[in-house]
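Keeping their order, the protein sequence lines are chains A and B. If you're matching positions, the first sequence starts at 1 in full-length UniProt numbering and goes up one per residue. If you're matching positions, the second sequence starts at 1 in full-length UniProt numbering and goes up one per residue.
I should point out that these hints are in silico values taken from the structure, not numbers from a laboratory. Watch out, some of these pointers could steer you wrong.
Since copy identity is lost for identical chains, a pair holds within one copy or between any two.
Below 20 Å or equal to it, Euclidean Cα-Cα: the simulated SDA-like pairs (lysine to any residue) are [stated by the list, open to error]:
#1 K88 <-> S173
#2 K88 <-> D183
#3 K88 <-> G184
#4 K105 <-> A73
#5 K105 <-> D116
#6 K105 <-> E70
#7 K88 <-> R188
#8 K88 <-> P153
2 protein chains.
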Amino acid sequence: MTASTGPRKVRADARQNLDALLTAARTVFARSGVDAPAREIAAEAGVGVGTLYRHFPNRAELVAAVFTTEIDATAAAAAELLASHPPKDALDLWITRFTRFVATKQGLSAALRSGDPAYDALPALLTGTLGPALTALLDAAAAAGDIRNDVDPLELLQAVGDLSHRAPSPDGSPNPMVRLLLDGLRIR
Amino acid sequence: MTASTGPRKVRADARQNLDALLTAARTVFARSGVDAPAREIAAEAGVGVGTLYRHFPNRAELVAAVFTTEIDATAAAAAELLASHPPKDALDLWITRFTRFVATKQGLSAALRSGDPAYDALPALLTGTLGPALTALLDAAAAAGDIRNDVDPLELLQAVGDLSHRAPSPDGSPNPMVRLLLDGLRIR
DNA sequence: CACTATACGGAACAATGTTCCGCTTAAGCA
DNA sequence: TGCTTAAGCGGAACATTGTTCCGTATAGTG
Numbered sequence: 001m002t003a004s005t006g007p008r009k010v011r012a013d014a015r016q017n018l019d020a021l022l023t024a025a026r027t028v029f030a031r032s033g034v035d036a037p038a039r040e041i042a043a044e045a046g047v048g049v050g051t052l053y054r055h056f057p058n059r060a061e062l063v064a065a066v067f068t069t070e071i072d073a074t075a076a077a078a079a080e081l082l083a084s085h086p087p088k089d090a091l092d093l094w095i096t097r098f099t100r101f102v103a104t105k106q107g108l109s110a111a112l113r114s115g116d117p118a119y120d121a122l123p124a125l126l127t128g129t130l131g132p133a134l135t136a137l138l139d140a141a142a143a144a145g146d147i148r149n150d151v152d153p154l155e156l157l158q159a160v161g162d163l164s165h166r167a168p169s170p171d172g173s174p175n176p177m178v179r180l181l182l183d184g185l186r187i188r
Numbered sequence: 001m002t003a004s005t006g007p008r009k010v011r012a013d014a015r016q017n018l019d020a021l022l023t024a025a026r027t028v029f030a031r032s033g034v035d036a037p038a039r040e041i042a043a044e045a046g047v048g049v050g051t052l053y054r055h056f057p058n059r060a061e062l063v064a065a066v067f068t069t070e071i072d073a074t075a076a077a078a079a080e081l082l083a084s085h086p087p088k089d090a091l092d093l094w095i096t097r098f099t100r101f102v103a104t105k106q107g108l109s110a111a112l113r114s115g116d117p118a119y120d121a122l123p124a125l126l127t128g129t130l131g132p133a134l135t136a137l138l139d140a141a142a143a144a145g146d147i148r149n150d151v152d153p154l155e156l157l158q159a160v161g162d163l164s165h166r167a168p169s170p171d172g173s174p175n176p177m178v179r180l181l182l183d184g185l186r187i188r
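Full structure from sequences and hints, please.
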């Protein structure tokens, strides 16, 4: 028995359109990058732009909504990796995964650092859910004496994002510059 | 006696307008960032947009023209630093200088990696003149056994640019993430 | 089945990069 | 010095985009 608070039920067509928009956005982002025109997404969803903006106050919110699931999964992976690998390996593996996530989303990296207020929601999403995950990894590796402990997780997260625009190499090996950055972290 | 090849001399007002545009662009870029509207730059120069586009085929060319001097100076600094410092120090100092240059130009870093074809001229300018400078520094430091020698200078240049968007700290100390990257380079 | 709040579509608006073109004027020449 | 003419100019006009607005359609509710 749901509370009697709701004045009305959400319209069925509204829910459908919302789903259609998310699906369309996923498709279009993959095809044309995160900067794809709103009209293109609306068209792909078979919906007017007005409907798009009714469901998402602006592009950034839509982008955020589309990637939330994947970001949450990435965050969750940190704990799993930590449970099944030595701290340093867990950190490396997780960073590689994060790198691949960013590199895979055309234009995400650029959007993240664009400074364009239209994309304000993205950094918040990333730091909010990935920040704690990375912090856990860094703490564990630092406790094991593998890496220095004077690095701000959020800064590192941002930095790795900055370096992750190149398409990932087919063999799955991480971006060489990210590797360099991680080497800088290591205590030798 | 100049050659008789020139069908006509460049008009005096054209040359003046070009100077005015460069000056105006420098001013506006400093005030509003590299993404400032073309109209704003034209207005600041007291000139129509048509004139702007007559002198520069697109925004990127204008941006490139404005920064060429400074970029050339930065490239030249490499040789000087190499002559007056141990290789490793020269490298550090130069990177710091480059970092400050990028960080100082609002939006330059974003423009560089935007992938927007409108800015294609910028990476070419940077890699073209700064690439050789950095190569010389890396070669010297590698020869001295200070750093690994398996790093692509252009990739490193790009990476440092990617990490240099934050405003430089007032004390002139380099970006911590750039520092980390350089630590990764070092042979310990 | 009627009523109404919700949601919709898409025209309209604003900002921006870039192109076009009729008018102006500096250079070259007599 | 005055003419001719091509170089150069200004800014309106066009195309693309993000976002807002509003008259119309309709799902939920009683």
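Cross-check of the supplied hints:
For a Cα distance limit of 20 Å, the shortest separation of K88 from S173 inside one copy, 17 Å, qualifies, whereas the shortest one across copies, 29 Å, does not. Within a single copy, K88 and D183 get their C-alpha atoms as close as 11 Å, and across copies as close as 18 Å, so both meet the 20 Å cut-off. For the homomeric pair K88 and G184, the shortest alpha-carbon distances inside one copy (13 Å) and between copies (16 Å) are both at most 20 Å. Only within a single protomer do K105 and A73 lie at most 20 Å apart by alpha-carbon distance; the minimum there is 15 Å, versus 36 Å between protomers.
Taking identical chains as interchangeable, the C-alpha atoms of K105 and D116 lie at most 20 Å apart whether they share a chain (18 Å) or sit on different chains (15 Å). Proximity of K105 to E70 under the C-alpha cut-off of 20 Å is restricted to the intra-copy arrangement: shortest distance 11 Å within a copy versus 34 Å between copies. For a Cα distance limit of 20 Å, the shortest separation of K88 from R188 qualifies both inside one copy, at 13 Å, and across copies, at 19 Å. Taking the shortest Cα distances, K88 and P153 sit within 20 Å of each other inside one copy (15 Å), while across copies they are farther apart (28 Å).
In this structure, none of the earlier numbered hints is contradicted; all agree with it.
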